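Protein chains: 2
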Amino acid sequence: MTSDITTCGMPSAPSVRGVLLDIGGVVYVGEAPLPGAVAAVARLRAAGIKLCCLTNTTRAPRRVVVERLARMGVNIAPEAVLTPAMAARRALHEDGRRPHFLIHPALAEDFADLAPPPDAPAAVVVGDAGEGFTYAALNAAFRVLVEDDAAFLALARNRSFRDADGRLSLDAGAFVAALEYASARPATLYGKPAPAFFAAGLAVLGCAPDEAVMIGDDVEADIAGAQAAGIAAVLVRTGKYRAGDEARIDPPPRALAADLAAAVDWIVARTRG
Amino acid sequence: MTSDITTCGMPSAPSVRGVLLDIGGVVYVGEAPLPGAVAAVARLRAAGIKLCCLTNTTRAPRRVVVERLARMGVNIAPEAVLTPAMAARRALHEDGRRPHFLIHPALAEDFADLAPPPDAPAAVVVGDAGEGFTYAALNAAFRVLVEDDAAFLALARNRSFRDADGRLSLDAGAFVAALEYASARPATLYGKPAPAFFAAGLAVLGCAPDEAVMIGDDVEADIAGAQAAGIAAVLVRTGKYRAGDEARIDPPPRALAADLAAAVDWIVARTRG
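Here the protein sequences come in this chain order: D and E. The letter at position 189 of the first sequence is residue 188 when you use numbering that gives the first Met the number 0, and the numbering goes up by one with no holes. The letter at position 103 of the second sequence is residue 102 when you use numbering that gives the first Met the number 0, and the numbering goes up by one with no holes.
If you are wondering where the hints come from, they were derived from the structure by calculation, not from laboratory data. All figures in this text were calculated on a predicted structure; none of them were measured in a lab. Think of the CB as a built atom: it goes at the ideal place given N, C-alpha and C, for glycine as much as any other residue. Any given hint could turn out to be false.
What the hints assert, rightly or not - Cβ pair distances, simulated, as ranges:
1. 135/D <-> 29/E: 22 to 30 Å
2. 135/D <-> 219/E: 24 to 32 Å
3. 92/E <-> 165/D: 30 to 38 Å
4. 107/D <-> 161/E: 54 to 62 Å
5. 133/E <-> 270/D: 46 to 54 Å
6. 119/D <-> 187/E: 42 to 50 Å
7. 243/E <-> 119/D: 55 to 63 Å
8. 31/E <-> 194/D: 51 to 59 Å
9. 161/E <-> 257/D: 34 to 42 Å
10. 34/D <-> 92/E: 52 to 60 Å
11. 161/E <-> 34/D: 54 to 62 Å
12. 104/E <-> 130/D: 40 to 48 Å
13. 2/D <-> 119/E: 33 to 41 Å
Said to hold, decoys possible - Chain D is faced by these chain E residues, among others (derived, beta-carbon under 7 Å):
14. 74
15. 76
16. 132
17. 133
18. 138
19. 158
20. 160
21. 164
22. 167
23. 176
24. 237
Using the sequences and the hints given, assemble the complete structure.
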């Protein structure tokens, strides 16, 4: 029998003030909340722990993510939901860049209120454009990159995804790689496992790295990513978790939990009252 | 004043039995032969030197290349014109592979007589598909690569090309890079500067590397490529040549010639009667 929680090393656990929470595969799968997950989020809040949802979705705008969580009984402020699009939006706003988009049409609303001046320097934002990855669209993005000395923001670097027909299909990372090769300009990733994405989550929480814990089901993007940003991380055995994932990274996750409920119990027990 | 020929090092020149000849920018530009080029080819032949044309074109079938040369007064056997498509065709035939194509439609005739059995192992051949680089077409190629354990043949790796509107546009290399990233399978290049492409040219000539000379206008693809294959190379100051190109590679070209006529004179003078 596997216990609900296994900790790895780390004799003295610091106080936990905030949690960065992956949601797909941790809080829900598809439209169904995972058993005990909604109550677990409520326990986190009752313990006074701040929450920021960190998701790599590149086909749903933040509004849709917030609405999906609300339908399951998890009410969270839009500001506490961080997607690659929202992180890229913040960077575009802070840098005063005029974006050229090659993204999923559903994400347009996340960037709707940007109003850069016409002479602002350019940026190319590449996400999961799906069938929108045509030669003409890719070439237009390429020309902005090389002619306008544009910044290059990638919402994802995934190689492939399991498609509706059960087969692997090309994901956004392939097209980011194509544009990087042709333009000889490296893209900056906005999303897990990029350290800047975790830093943006910490800013939402108002926490230092050693005051936060990441909870996720993806040992690379969630756990190794958080740890590279100096944040302790708990791997849950739900969602995309496969047996032995915890041994695939070094150092291993701070803890391995059966599910979100077990992860929350472990965190709450380590929180200064 | 610049002399017609400058040699670099190489005290004793070996006997020259065959010439590998780049054609675009060396024999002609567009549809117009360069001054003295047609007569220079005739002088090579009169000296008993064998000829193989080595071109990186990925939008014209071999038949069209042969016809273009014939219109200019250069009659050459189809077998002595090597394009990336013809080199890939040979590899597919020798390996008994069943090809999946993502290439320019004009190249289809170069592969028309391949007849692999239905159960032959697969190969993906990527060339300059232009507007044919759609998400669906790229995804179909990706699926053959990852599901069928296919060989991956690239007809080119160019990042970009000068388009009809005078601006740079994405070239085939970007899409080769996309598929390499997503599939984690490296492509094999059929074309200059791949050593295998020069080796195929030597096979056409029936020459050892030290019995042949490459003549080209592209210091990287033609000259560095040939030299990496152990073949001496003469850079001509026509076509895409830009002042100082000869200093961009180490070792430098064996000789720098004003044009094909000067290169041929230099070679003929070094040929054993």
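Outcome of the hint check:
1. 135/D <-> 29/E: 22 to 30 Å: Cβ of residue 135/D to Cβ of residue 29/E: about 26 Å, so the range 22 to 30 Å holds.
2. 135/D <-> 219/E: 24 to 32 Å: Given a distance of about 29 Å, which is inside 24 to 32 Å, the answer is holds.
3. 92/E <-> 165/D: 30 to 38 Å: Roughly 34 Å apart at Cβ, these two residues keep to the hinted range, so it holds.
4. 107/D <-> 161/E: 54 to 62 Å: 33 Å, violated
5. 133/E <-> 270/D: 46 to 54 Å: 52 Å, holds
6. 119/D <-> 187/E: 42 to 50 Å: 43 Å, holds
7. 243/E <-> 119/D: 55 to 63 Å: Since residue 243/E and residue 119/D have Cβ atoms about 37 Å apart, the given range 55 to 63 Å is violated.
8. 31/E <-> 194/D: 51 to 59 Å: This hint holds: roughly 56 Å between Cβ atoms.
9. 161/E <-> 257/D: 34 to 42 Å: About 59 Å separates the Cβ atoms of residue 161/E and residue 257/D, which means 34 to 42 Å is violated.
10. 34/D <-> 92/E: 52 to 60 Å: At roughly 58 Å between Cβ atoms, residue 92/E and residue 34/D fall inside 52 to 60 Å, so the hint holds.
11. 161/E <-> 34/D: 54 to 62 Å: 60 Å, holds
12. 104/E <-> 130/D: 40 to 48 Å: Violated - the Cβ-Cβ distance for residue 104/E and residue 130/D, about 21 Å, lies outside 40 to 48 Å.
13. 2/D <-> 119/E: 33 to 41 Å: 52 Å, violated
14. 74: 37 Å, violated
15. 76: Where the cut-off is 7 Å and the nearest Cβ of chain D is about 36 Å from residue 76/E, the hint is violated.
16. 132: 4 Å, holds
17. 133: 6 Å, holds
18. 138: With Cβ-Cβ at 5 Å, under 7 Å, it holds.
19. 158: For residue 158/E, the interface hint holds, since the closest Cβ of chain D sits about 5 Å away, which is under 7 Å.
20. 160: Violated, about 10 Å.
21. 164: 10 Å, violated
22. 167: At about 6 Å, which falls below the 7 Å cut-off, the nearest Cβ of chain D leaves the hint on residue 167/E intact, so it holds.
23. 176: 4 Å, holds
24. 237: Given a least distance of 27 Å, the restraint on residue 237/E is violated.
Checked against the numbered hints given earlier, this structure breaks hints 4, 7, 9, 12, 13, 14, 15, 20, 21, 24; the rest are met.
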